[in-house]
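Number of protein chains: 2
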Amino acid sequence: MQAFYNKYKRTLLYGISLAALLFLLRWLEFRFLVLSHAMDIYIGAIAAIFTALGIWLTLKLVKPKTNTIVVEKEVYLPQTTPAQINQAEIDNLALSKREMEVLQLMAKGLSNKEIADGLFVSLNTVKTHSSNIFEKLDVKRRTQAVEKSKRLGIIV
Amino acid sequence: MQAFYNKYKRTLLYGISLAALLFLLRWLEFRFLVLSHAMDIYIGAIAAIFTALGIWLTLKLVKPKTNTIVVEKEVYLPQTTPAQINQAEIDNLALSKREMEVLQLMAKGLSNKEIADGLFVSLNTVKTHSSNIFEKLDVKRRTQAVEKSKRLGIIV
DNA sequence: CTTAAAATCATACTAAAGTATGAGTGTGCA
DNA sequence: TGCACACTCATACTTTAGTATGATTTTAAG
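Residue numbers (this note's numbering), protein chains in the order written: chain V, 845 to 1000; chain U, 845 to 1000.
Any given hint could be a false lead.
[To be verified] Which chain U residues face chain V? A few, computed with CB under 8 Å, are given here:
{"hint": "1", "residue": "Met950"}
{"hint": "2", "residue": "Lys952"}
{"hint": "3", "residue": "Gly953"}
{"hint": "4", "residue": "Ser955"}
{"hint": "5", "residue": "Phe978"}
{"hint": "6", "residue": "Arg986"}
{"hint": "7", "residue": "Gln988"}
{"hint": "8", "residue": "Val990"}
[Said to hold, decoys possible] Result set (SDA-like, lysine to any residue): computed pairs, CA atoms no more than 25 Å apart in a straight line:
{"hint": "9", "chain 1": "U", "residue 1": "Lys984", "chain 2": "V", "residue 2": "Phe978"}
{"hint": "10", "chain 1": "U", "residue 1": "Lys984", "chain 2": "U", "residue 2": "Arg995"}
{"hint": "11", "chain 1": "U", "residue 1": "Lys992", "chain 2": "U", "residue 2": "Ile929"}
{"hint": "12", "chain 1": "U", "residue 1": "Lys992", "chain 2": "V", "residue 2": "Ala891"}
{"hint": "13", "chain 1": "V", "residue 1": "Lys984", "chain 2": "V", "residue 2": "Ile929"}
{"hint": "14", "chain 1": "V", "residue 1": "Lys952", "chain 2": "U", "residue 2": "Ser966"}
[Stated by the list, open to error] If you anchor each label on the Cβ, the simulated ranges turn out as follows:
{"hint": "15", "chain 1": "V", "residue 1": "Leu963", "chain 2": "U", "residue 2": "Arg995", "range": "20 to 26 Å"}
{"hint": "16", "chain 1": "U", "residue 1": "Glu958", "chain 2": "V", "residue 2": "Asp961", "range": "26 to 32 Å"}
{"hint": "17", "chain 1": "V", "residue 1": "Asp982", "chain 2": "U", "residue 2": "Arg985", "range": "39 to 45 Å"}
{"hint": "18", "chain 1": "V", "residue 1": "Lys957", "chain 2": "U", "residue 2": "Arg995", "range": "19 to 25 Å"}
{"hint": "19", "chain 1": "U", "residue 1": "Ser975", "chain 2": "V", "residue 2": "Gln931", "range": "38 to 44 Å"}
{"hint": "20", "chain 1": "U", "residue 1": "Thr972", "chain 2": "V", "residue 2": "Gly888", "range": "55 to 61 Å"}
{"hint": "21", "chain 1": "U", "residue 1": "Leu996", "chain 2": "V", "residue 2": "Gly997", "range": "17 to 23 Å"}
{"hint": "22", "chain 1": "V", "residue 1": "Asn930", "chain 2": "U", "residue 2": "Arg995", "range": "16 to 22 Å"}
{"hint": "23", "chain 1": "U", "residue 1": "Arg942", "chain 2": "V", "residue 2": "Ser966", "range": "38 to 44 Å"}
{"hint": "24", "chain 1": "U", "residue 1": "Lys984", "chain 2": "V", "residue 2": "Ser966", "range": "19 to 25 Å"}
{"hint": "25", "chain 1": "U", "residue 1": "Arg942", "chain 2": "V", "residue 2": "Leu967", "range": "24 to 30 Å"}
{"hint": "26", "chain 1": "V", "residue 1": "Thr969", "chain 2": "U", "residue 2": "Gln931", "range": "57 to 63 Å"}
By construction, these hints were calculated from the structure, which means they are not laboratory data. Computed from a predicted structure; not experimentally measured. Virtual Cβ for every residue (Gly too), placed ideally from N, Cα, C.
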């Protein structure tokens, strides 16, 4: 019984609504035509009611547009194209071996302290390397250094 | 003149339509009432016309409901191929529009001050956005944020 | 209309990054 | 041998980044 109700909920609702609407129309007809003969008002009421019906029907029944967004889920193929490091550019910029190591770790998002611990040197040493790197790359910040060096292909 | 037309295009269209409708109604009234007195048919026509009007108005004026279906499609791509932006991941991380803008500029190596000037907001605002970004990305620094977001493909 | 999220900004603080300068140590090479 | 250079480190300083908290304003959605 409950299942039946749920299944035909809409149909029932619409049926009852339409029945109510018919009653309303009959009443209006009686009220205006039989009693007062106010034809124009009656027509106006009919128009208003059916406009509302149209609006209501549309809102209820129109299928929502379906936007299908295809998201491409990336699956990386390991080592299909070995990223080529631009050694010529490294030589051109005269970046030393140690500076390259610092630059790599920088690009991984490590802090100067973490780089220092990773390379077993002091924080000050890393700062010195950093400053030298920035000067050679002609940038002002580590974020720029990472961006530029990736763009130039001198790190992965 | 052209600008005027474009601006009031809708209004004009609706006005003309309504005028046409009125003519139709007058004609119907004349046809059925004066000539054949088919009252019920006249009422029926009115009802039909205004139901149609309601439907038409609703379709024209109401924003279309949209259901968004996200279909994930696996795509194999080598790392060298410029990865397209992973909108699903952005949604997953709940990064807002503004946060994405800040993240983009961060990845370009801009300082918070430069980002603030670029987006015409205060330095403090950029700092707030930054902190929110770091929290959502579960990182501690801007360099990590850039690294991770590039790895996830949520920025170029 | 009301609620919730997003965006804005401020103040005050701590932490990290970056600069400037100087200096000691090892290494390869002319 | 000495000399340039890479690497190391320190001190002292300035600048930028990041955190915490609270408040106001816009905007989107129910």
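Verification of the supplied hints:
Proximity of Met950/U to chain V holds as hinted, the smallest CB-CB distance being about 7 Å (cut-off 8 Å). Using the Cβ-Cβ criterion of 8 Å, the hint placing Lys952/U at the interface with chain V is satisfied: the shortest such distance is roughly 6 Å. Hint status for Gly953/U relative to chain V: holds, with the closest Cβ pair at about 3 Å, below 8 Å. Nearest Cβ of chain V to the Cβ of Ser955/U: about 6 Å, under the 8 Å cut. The hint holds.
At about 11 Å, the closest approach between the beta carbon of Phe978/U and any beta carbon in chain V exceeds 8 Å, and the interface hint on this residue is violated. For Arg986/U, the interface hint holds, since its Cβ comes within 8 Å of a Cβ in chain V; the closest pair sits about 6 Å apart. The criterion of a C-beta within 8 Å of any C-beta in chain V is met by Gln988/U, whose closest approach is roughly 3 Å, and the hint holds. Below 8 Å, beta-carbon pairs count as interface contacts, and Val990/U has one with chain V at about 7 Å; its hint therefore holds.
Distance check on the hinted pair: Lys984/U and Phe978/V sit about 22 Å apart at the alpha-carbon level, within 25 Å; holds. Proposed proximity of Lys984/U and Arg995/U is supported: the alpha carbons are some 16 Å apart, at most 25 Å. Among the hinted pairs, Lys992/U with Ile929/U is consistent with the structure: their alpha-carbon atoms are about 13 Å apart, no more than 25 Å. A threshold of 25 Å between alpha carbons decides the hint, and for Lys992/U with Ala891/V the separation of about 61 Å lies outside it, so the pair is violated.
Using a Cα cut-off of 25 Å, the hinted pair Lys984/V and Ile929/V holds, with the two alpha carbons roughly 23 Å apart. Taking the CA atoms of Lys952/V and Ser966/U, the gap is about 29 Å. The hint is violated against a cut of 25 Å. Between Leu963/V and Arg995/U the CB atoms are about 23 Å apart, so this pair conforms to the stated range of 20 to 26 Å. In this structure the supplied range 26 to 32 Å holds for Glu958/U paired with Asp961/V, their Cβ-Cβ distance being about 30 Å.
Separation of Asp982/V from Arg985/U is about 23 Å and departs from the stated range, judged on CB atoms against 39 to 45 Å. Lys957/V and Arg995/U have their C-beta atoms about 22 Å apart, which keeps the hinted 19 to 25 Å range intact. For the pair Ser975/U and Gln931/V, the beta carbons lie near 39 Å from each other, so the given range of 38 to 44 Å is met. Under the hint 55 to 61 Å, the C-beta atoms of Thr972/U and Gly888/V, about 57 Å apart, fit the expected range.
Checked against the given bound of 17 to 23 Å, the beta carbons of Leu996/U and Gly997/V, roughly 22 Å apart, stay inside it. At about 21 Å, the CB distance of Asn930/V to Arg995/U agrees with the hint of 16 to 22 Å. The hinted window of 38 to 44 Å between Arg942/U and Ser966/V holds, with their beta carbons roughly 39 Å apart. One distance hint, 19 to 25 Å for the beta-carbon pair Lys984/U and Ser966/V, holds here, with the actual separation near 21 Å.
Between Arg942/U and Leu967/V, the C-beta spacing of about 34 Å breaks the proposed range 24 to 30 Å. A hinted range of 57 to 63 Å is violated for the C-beta pair Thr969/V and Gln931/U, which are about 42 Å apart.
Of the numbered hints listed earlier, those contradicted by the structure are 5, 12, 14, 17, 25 and 26.
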